[in-house]
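Student: Residue strings, one per chain:
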Amino acid sequence: MKQFFDSILNVAVPDPDDARRRRLLNILLLGNTVAVLLGVLAILITALTSEQLNEPDTRILIIGIFASTLGLMGIYQVNRRFSGRWAALLYLLFLNLIFAFTDSPDQLSNGRSLFLFTIPIAISSLILIPEASFLFAVIGGGIVGGLALSINQPINLFSLIGFLMLALVSWLSARSLEIALKDLRAINANLDQEVIDRTQALSASLDRERIEAGRNQAILNSIADGVIVFDKKWNATLANPAIKSILDLPLELIINKNFRELIEHPKLAAKSRGLLYAMIEHDTQPMGFRIIWGEKTISVSAAQVYDNREDNTNIGTVTVFRDFTREAEVEKLKSTFVAIVSHELRTPLNAILGYAEMFKEAVYGPMNDKQVNMSDRIMKNTQRLLGLINDLLDQAQMEAGKLTIQIAPLKPAELLDTLHGLMDKTASDKRLRLTSEIDDDLPETLIGDSARLQQILVNLVTNAIKFTDQGEVCVRLLRADDAKWGIEVEDTGQGIPASDIPFIFDTFRQVEGATTRVHGGFGLGLAIVKQLVTLMSGDIKVESTIDVGTKFVISLPLVIP
Amino acid sequence: MSEQALIIEDDEDLADIFAEALRGVGYEVEHIADGKLAENRLNTGIAPFIILLDMHLPHVSGADLLTSIKRDGRFEKTTIIITTADARMGDMYQEQADFVLIKPISFVQLRDITARLKPK
Numbered sequence: 041m042k043q044f045f046d047s048i049l050n051v052a053v054p055d056p057d058d059a060r061r062r063r064l065l066n067i068l069l070l071g072n073t074v075a076v077l078l079g080v081l082a083i084l085i086t087a088l089t090s091e092q093l094n095e096p097d098t099r100i101l102i103i104g105i106f107a108s109t110l111g112l113m114g115i116y117q118v119n120r121r122f123s124g125r126w127a128a129l130l131y132l133l134f135l136n137l138i139f140a141f142t143d144s145p146d147q148l149s150n151g152r153s154l155f156l157f158t159i160p161i162a163i164s165s166l167i168l169i170p171e172a173s174f175l176f177a178v179i180g181g182g183i184v185g186g187l188a189l190s191i192n193q194p195i196n197l198f199s200l201i202g203f204l205m206l207a208l209v210s211w212l213s214a215r216s217l218e219i220a221l222k223d224l225r226a227i228n229a230n231l232d233q234e235v236i237d238r239t240q241a242l243s244a245s246l247d248r249e250r251i252e253a254g255r256n257q258a259i260l261n262s263i264a265d266g267v268i269v270f271d272k273k274w275n276a277t278l279a280n281p282a283i284k285s286i287l288d289l290p291l292e293l294i295i296n297k298n299f300r301e302l303i304e305h306p307k308l309a310a311k312s313r314g315l316l317y318a319m320i321e322h323d324t325q326p327m328g329f330r331i332i333w334g335e336k337t338i339s340v341s342a343a344q345v346y347d348n349r350e351d352n353t354n355i356g357t358v359t360v361f362r363d364f365t366r367e368a369e370v371e372k373l374k375s376t377f378v379a380i381v382s383h384e385l386r387t388p389l390n391a392i393l394g395y396a397e398m399f400k401e402a403v404y405g406p407m408n409d410k411q412v413n414m415s416d417r418i419m420k421n422t423q424r425l426l427g428l429i430n431d432l433l434d435q436a437q438m439e440a441g442k443l444t445i446q447i448a449p450l451k452p453a454e455l456l457d458t459l460h461g462l463m464d465k466t467a468s469d470k471r472l473r474l475t476s477e478i479d480d481d482l483p484e485t486l487i488g489d490s491a492r493l494q495q496i497l498v499n500l501v502t503n504a505i506k507f508t509d510q511g512e513v514c515v516r517l518l519r520a521d522d523a524k525w526g527i528e529v530e531d532t533g534q535g536i537p538a539s540d541i542p543f544i545f546d547t548f549r550q551v552e553g554a555t556t557r558v559h560g561g562f563g564l565g566l567a568i569v570k571q572l573v574t575l576m577s578g579d580i581k582v583e584s585t586i587d588v589g590t591k592f593v594i595s596l597p598l599v600i601p
Numbered sequence: 004m005s006e007q008a009l010i011i012e013d014d015e016d017l018a019d020i021f022a023e024a025l026r027g028v029g030y031e032v033e034h035i036a037d038g039k040l041a042e043n044r045l046n047t048g049i050a051p052f053i054i055l056l057d058m059h060l061p062h063v064s065g066a067d068l069l070t071s072i073k074r075d076g077r078f079e080k081t082t083i084i085i086t087t088a089d090a091r092m093g094d095m096y097q098e099q100a101d102f103v104l105i106k107p108i109s110f111v112q113l114r115d116i117t118a119r120l121k122p123k
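For the protein sequence lines, the chains are A and B, in the order given.
Residue numbers for the first sequence follow the numbering used here, so the first one is 41 and each next one is one higher.
Residue numbers for the second sequence follow the numbering used here, so the first one is 4 and each next one is one higher.
Only chain B is shown next, with the shape it has when bound in the complex (with noise of 0.2 Å):
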């Protein structure tokens, strides 16, 4: 069974070009586009491998979503990979996240980071 990846990201072109990245290693991946959503789907009991959360998403804020993950056991083995343009963020971020990627994030950057993620 192939593990399961989240990608929250509000931009369809970046989601289909990490999705397309994630797939190719070998992942599961799941789109959602906003963060109300995000937030619902999570609440569902999945637990998934990797969750690429972007920070800039419509209803609920990437930060508040990374701290109800960080508060929810569930998630203690998730790897969560932070996205967002903004290099300021991604250093007040740097504790909670496993990695924190700043955008432009290369294609082969993501996809070389989780292949060597994925349990061999």
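Only chain A is shown next, with the shape it has when bound in the complex (with noise of 0.2 Å):
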């Protein structure tokens, strides 16, 4: 019914404000046609009840009533396939028309018939421009007083001045709801601009969320590693294909199960089963550790997944599972290899030096000052292999992060007490003092790895003596503050150049190949010294000027038993 009324209604054209009023102009059309059938029919009725068919007047009204009829819906063709403005202004003037022949001319100048006239003023502006209310105000006035002027009667200028006042109250109301309308349809522009942009913007973000989402699927297809994310309550909820060869299991005894069944899996070794369920137990930080898995070394790191929207609470945990079996028996091997080295390389030195000693003590008899000499020099040459030997363990050790710092109340005094036992002979062989001092400030006792501490003494103090021919080598300990201790070694030797001071803690590294033949060194000392100072939590610097001297720095926590 109503897509009926619209079909006959509407006016299919861009402009809102057309459309408006054409169908307003419709609607008005319709409802005159309507009222002029009923006309009809009551004409028919009273004509049929009273038989006055044939009274001229009564042809005259039917003639008007057909005349009317035609002229209302060459209108409303006027309207649907011309012009709305025309199709108005043809309505208005023909109800005016209509209006002047409804009442004798002295009714409608000046009596009962003179408010029709303002039914045109109010409508125009509705369905023509706000500003025709004027014309027809003016159109009506002209009618009411040209019908005043042909019976000879005066003009009623009250109603003149009534239709104008009509012609503004429509001009304003009709003015005031076209732009109530017009700024409507801007709000409404806006908002389908909105909804527009927030669509496209929404179906951006849901197209990257897409290729995101296949491309992170595509990285855990193809990556070596096994991967379970897993929810808040430790359910798998995904699994990528590589976990199924690390784990030798199907991925349906993976997904949609609790991590706890695979953590009760046989295949787990006992003592892993601890360290997985110490990882959902405990909801720390990113870790890694190792577990045995059937024949298997798996190394296994854990994130938690923390949700960015809401404060940040923790949404899951994705694992990473590594086979790391080929790396454990390498490392396994290489701390096997060290330690054989270590005993293989040791004994045979050991004797080397014992029988030398035994001859220099004479126990097989008197030797003379060349042999006594020469003993000496076995004995040095292999303390030196000795020496070279333990630093290449120390560093093979640190590499496979084997080398650990243990702890303890410790006398700095015993430090350097110790230092000296060791050291005091190679200085004077040299003809070099080797001094020191301890700072009042400094804690009689504190915690530390006096192993660790005393070798890097006996690497800085060697590595001084080495590179001083004459002067001394003071070692220093110190307070540097309420949370800082310091171990300073200075010599009065040749110095380190500007340029290779960046180079000194590396590995295999000794300034200018050419210094390495007058000393014979091996860069491994420094380097040592440099990461058992980063193990410690310290720090070491280096202040050197040719041929003055050169002294290094170790800052390292204070701490007090």
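One thing to keep in mind: the hints can contain errors.
Derived Cβ-Cβ restraints for the label pairs, each shown as a range [unchecked claim]:
hint : chain 1 : residue 1 : chain 2 : residue 2 : range
1    : A       : 509       : B       : 49        : 51 to 61 Å
2    : A       : 346       : B       : 97        : 41 to 51 Å
3    : B       : 33        : A       : 411       : 29 to 39 Å
4    : B       : 33        : A       : 509       : 48 to 58 Å
5    : B       : 29        : A       : 423       : 23 to 33 Å
6    : A       : 417       : B       : 101       : 48 to 58 Å
7    : B       : 37        : A       : 446       : 26 to 36 Å
8    : A       : 423       : B       : 49        : 34 to 44 Å
Everything labelled a hint here was simulated from the structure, so no lab data went into it.
Beta carbons are placed, not taken as given, at the ideal position from N, Cα and C, and that holds for glycine.
Mind docking these for me? Both chains are given alone in their own frames, and the hints should help you get the complex.
Tutor: Here it is, written out as structure tokens:
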């Protein structure tokens, strides 16, 4: 029904104001037509009951009615097909014309029918343009005035003023309506644009998400590491194909299962079980450890996933499983190798050293000076070789991450006593003084790894002696501030060129090839010192002036028992 | 009568040097190169004054020998000197032994230590 009315009332034009006016005009036309048809019905009924059909007035009336109907249909066609403006103008003129004949000139100009001419004024501002009300106030006024003059009556000025007032009110209200509509349309247009923009943004972000998801899936499928994603309750929600071969389990036994089922799997070594339970029970930060799964060693790392939209709540964990079997074997071999080398190299060197000492000590009879001197040289060279082996082993251990710091209470003064015991002879052999100072502020006992600190001191002093030809090597233990203590080793040696300072802590390096030949040194001592200091959360610096000397300054965290 | 010293060391040269150092200060020295043989010898009722024990031995390890020595009341008065090339292992046995010497062991050092131990 509504569709039917819409189809006969609406006119499809791009301008919404035009469409609105034309629809309004069509409604009026339809109303008028219905009114006219009702009029015809009324006349017919009256005529049938009072037999006045042949009266000339009635005939004129009927002709008028037919003419009106035709006129209305004509205007309707103009409105539909040609122009809303012209149709409205025609309709309004038509109304005025009809009104001019509906009553006696007397009543029309100054009586009961005077109000009829207000109708086109009010309608015109709605179906034509707002200002048209003034035009029809003038036309209505003209007709009323003309009718009054035609019957020699005075013109009713109040009615003309009334027409103009009505025109003014119509104009204002129609204009307000149009402005309001325009604003509304502008708002709607903005809203539409907003909806379009938002929709596009949403679809773009959905596209991105889809691409991202596809990419992530491809990454997951192609990497060699096994990945399982768990939700907050440690139920596996996602796993990649690699996990199948790493754990030798079908995906069905992993996905949608709780992690606890995997932990209870008989392939998992009992000692690894605790590690995994610890991981799921303590919601700790990203971590890594190794587990034994059947014949395999698997490294496990886990990272918690946080929802960054909502105050960073934990929404699950991503765990990565890497087959570490080969690496673990290599590490074990390396460790065994280091232990064997350590034993196999030291034992024969010990024998060389021991026999040389026996010569020197004249165990099997007196020796001449030359022979004693030769034993000394054998011993010295053997010691040097031992030093190199120790450095190499330390380096190997450090690279394997096996060198650890073992802390316990220690007395700094004892470090210096031991240092003197070990190094005094080396220094005096080169006619150098080895001196040491200890800061009064330094606590008598502090926490540290005495063996490693001793190693640092020996390495630095050995180095200092090696590169100093005259003067002294001075070792100072001092308290830097409330939280730090320090070691300084200063010599009066040849100094290090500024350009070489950045490299002196590198493994296997010594400043300039020529120096190597003069001193026969090996670049591991400083590298080991640097790594040990780093392991102790400390920091090492060097200051050096050519031909004046070098000072190594180590700063370490101070922990008092 | 001179004090008895038992050297358990698989390297013949080192055993020779150690023996020479100990003999030099007046010990009566016996040398065994194998863990299993050492175990048998220790069960024969001897109570040496000093045992110089290498940790790295064939058949029965130094660590196992150390455990059985510590368990046996007969060796209560015996001074146990551990010799090892592995500094970490040395730390581990610090508690159980009287001395831990890390290889290389100096002839002079061993001679001086054992000389001091000897009752005057």
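Student: Compare the structure with each hint and give your call.
Tutor: These are the hints, each one checked on the structure:
no. : hint                        : in the structure
1   : 509(A) / 49(B): 51 to 61 Å  : holds (56 Å)
2   : 346(A) / 97(B): 41 to 51 Å  : holds (48 Å)
3   : 33(B) / 411(A): 29 to 39 Å  : holds (31 Å)
4   : 33(B) / 509(A): 48 to 58 Å  : holds (50 Å)
5   : 29(B) / 423(A): 23 to 33 Å  : holds (29 Å)
6   : 417(A) / 101(B): 48 to 58 Å : violated (34 Å)
7   : 37(B) / 446(A): 26 to 36 Å  : holds (33 Å)
8   : 423(A) / 49(B): 34 to 44 Å  : holds (36 Å)
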